[in-house]
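Chains as they are written, first to last, in the numbering used here: chain A, 1 to 237; chain B, 1 to 237.
It is worth saying that the hints were derived from the structure and are not from the lab. A few of these clues could be false.
What the hints assert, rightly or not - Taking lysine-lysine and the DSS-like style, the derived pairs with C-alpha atoms no more than 25 Å apart in a straight line are:
| id | chain 1 | residue 1 | chain 2 | residue 2 |
| --- | --- | --- | --- | --- |
| 1 | B | LYS210 | B | LYS236 |
| 2 | A | LYS166 | B | LYS204 |
| 3 | A | LYS195 | B | LYS164 |
Protein chains: 2
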Amino acid sequence: MKRTIDVCLSPALMHLYPIEDQTVVIVDILRATSCMTTAFAHNVESIRAFAQLPECLLLKEDGYFTAGERDGQKVQGFDLGNSPFEYMNPALKGKDIAFTTTNGTQAIAKASAAKNIVIGSFLNLTAVADYLRKTTHDILIVCSGWKGKVNLEDTLFAGALVEKLKEEFDSACDAPVIAQRLYLQAKNDLKDYLKDSSHIRRLKKLNIEKDIDFCLQEDMYDVVPVIHQNAIRVLKP
Amino acid sequence: MKRTIDVCLSPALMHLYPIEDQTVVIVDILRATSCMTTAFAHNVESIRAFAQLPECLLLKEDGYFTAGERDGQKVQGFDLGNSPFEYMNPALKGKDIAFTTTNGTQAIAKASAAKNIVIGSFLNLTAVADYLRKTTHDILIVCSGWKGKVNLEDTLFAGALVEKLKEEFDSACDAPVIAQRLYLQAKNDLKDYLKDSSHIRRLKKLNIEKDIDFCLQEDMYDVVPVIHQNAIRVLKP
Numbered sequence: 001m002k003r004t005i006d007v008c009l010s011p012a013l014m015h016l017y018p019i020e021d022q023t024v025v026i027v028d029i030l031r032a033t034s035c036m037t038t039a040f041a042h043n044v045e046s047i048r049a050f051a052q053l054p055e056c057l058l059l060k061e062d063g064y065f066t067a068g069e070r071d072g073q074k075v076q077g078f079d080l081g082n083s084p085f086e087y088m089n090p091a092l093k094g095k096d097i098a099f100t101t102t103n104g105t106q107a108i109a110k111a112s113a114a115k116n117i118v119i120g121s122f123l124n125l126t127a128v129a130d131y132l133r134k135t136t137h138d139i140l141i142v143c144s145g146w147k148g149k150v151n152l153e154d155t156l157f158a159g160a161l162v163e164k165l166k167e168e169f170d171s172a173c174d175a176p177v178i179a180q181r182l183y184l185q186a187k188n189d190l191k192d193y194l195k196d197s198s199h200i201r202r203l204k205k206l207n208i209e210k211d212i213d214f215c216l217q218e219d220m221y222d223v224v225p226v227i228h229q230n231a232i233r234v235l236k237p
Numbered sequence: 001m002k003r004t005i006d007v008c009l010s011p012a013l014m015h016l017y018p019i020e021d022q023t024v025v026i027v028d029i030l031r032a033t034s035c036m037t038t039a040f041a042h043n044v045e046s047i048r049a050f051a052q053l054p055e056c057l058l059l060k061e062d063g064y065f066t067a068g069e070r071d072g073q074k075v076q077g078f079d080l081g082n083s084p085f086e087y088m089n090p091a092l093k094g095k096d097i098a099f100t101t102t103n104g105t106q107a108i109a110k111a112s113a114a115k116n117i118v119i120g121s122f123l124n125l126t127a128v129a130d131y132l133r134k135t136t137h138d139i140l141i142v143c144s145g146w147k148g149k150v151n152l153e154d155t156l157f158a159g160a161l162v163e164k165l166k167e168e169f170d171s172a173c174d175a176p177v178i179a180q181r182l183y184l185q186a187k188n189d190l191k192d193y194l195k196d197s198s199h200i201r202r203l204k205k206l207n208i209e210k211d212i213d214f215c216l217q218e219d220m221y222d223v224v225p226v227i228h229q230n231a232i233r234v235l236k237p
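Just chain A, with the same shape it has in the complex (with noise of 0.2 Å):
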């Protein structure tokens, strides 16, 4: 019998799904995910994912950078905001960072009870579809959204990793098929598709278009990040 897929459109619906014998693949394509993903493209040796601030400022003392947003905008007195460009920065090669967002680093929180957790984004799909084959759970992808709303972005993701995974894993129910319809729609141009996306439209204000592009790219990078030993981290072969 072949393994599940399942997409979990809101972390707010994360309590209908059995995550403690699934992979969960966690998703915040603008940005939070995209940054991790390309953080651990230029050698970050962990991130420590926080639901709050003040935990997260908290290892500014041993050492850590600390990396926080809120709605958007980077937090006063962080090291780092949330754009993927600033993670490209060498002087962060081999160090830690403590990292907090709206939804991104919530989501991962809730979902602290999962067999395995992994990040994804366009960044690194093919690398996250090729990791999860030779996993041996049924899989969930979650959605972070927009404060427990569903968002356009992160679903498109969830439905290219299903596309992708299609010949081995059978959609558990409806939110999959949602998805991949949705993302076999958007495929051939995804700005244009989400240029109506609330979103986009809120992270426009913020005059930050060229992270968008460069959020939406696929296989930038060969890197799969998981939580192990309390961190994300690419785990050497």
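Model the placement of chain B on the given structure of chain A, informed by the hints.
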């Protein structure tokens, strides 16, 4: 400024929406709201919707017909099940029904704080759209889904209604955009588009393809059931 239209893809997300200030459209295409629409088109007087079976049965003593479904099947001891064809019975004319289903009546119960509650289905799509144009509040379409999870057929109906009202209402966030785009992809052959949906597969096992075909027909009836004085009714002009 235009009013907004929004879509709540699962009753488990309803707490995220300001329903106290919204007109809520409840959707359970397979089959609760399709049955209710059919019942009122055949001159049923009122329907009271209950989340639980026992409260529903209590009304039998007051002369109500009882209608109950759990997991797609009629409940023992109830007068009616959840097939729209049962609600065409002339014996129901002028009668009151106490109704409980797996998803639809649960969604109605959760929406009780809304400004106004409307019952929508493909069977009365245009009638509901015309009614909503004449209301004064923002609109939230609540998909009943399946035990908290998103389903395809309710999402498609939400998309059909968003599409009908796109000139008069702005989409409030990404969920209406998602629903609308799925509907545009599906509208030429709803049944074919739904053939992989989990609920359709579930219902096929129960041999009710005739019900599915019926429930996917647009604009069979010109009735708009709304909640008024603790029951669903069609208000006379």
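Tested hints:
The suggested pairing of B:LYS210 with B:LYS236 is violated, with an alpha-carbon distance near 31 Å, which exceeds 25 Å. Taken as a hint, the A:LYS166 and B:LYS204 pair is honoured in the structure, with Cα atoms around 23 Å apart against an allowance of 25 Å. In summary, the hint linking A:LYS195 to B:LYS164 is supported, as the alpha carbons are separated by about 21 Å, within the 25 Å threshold.
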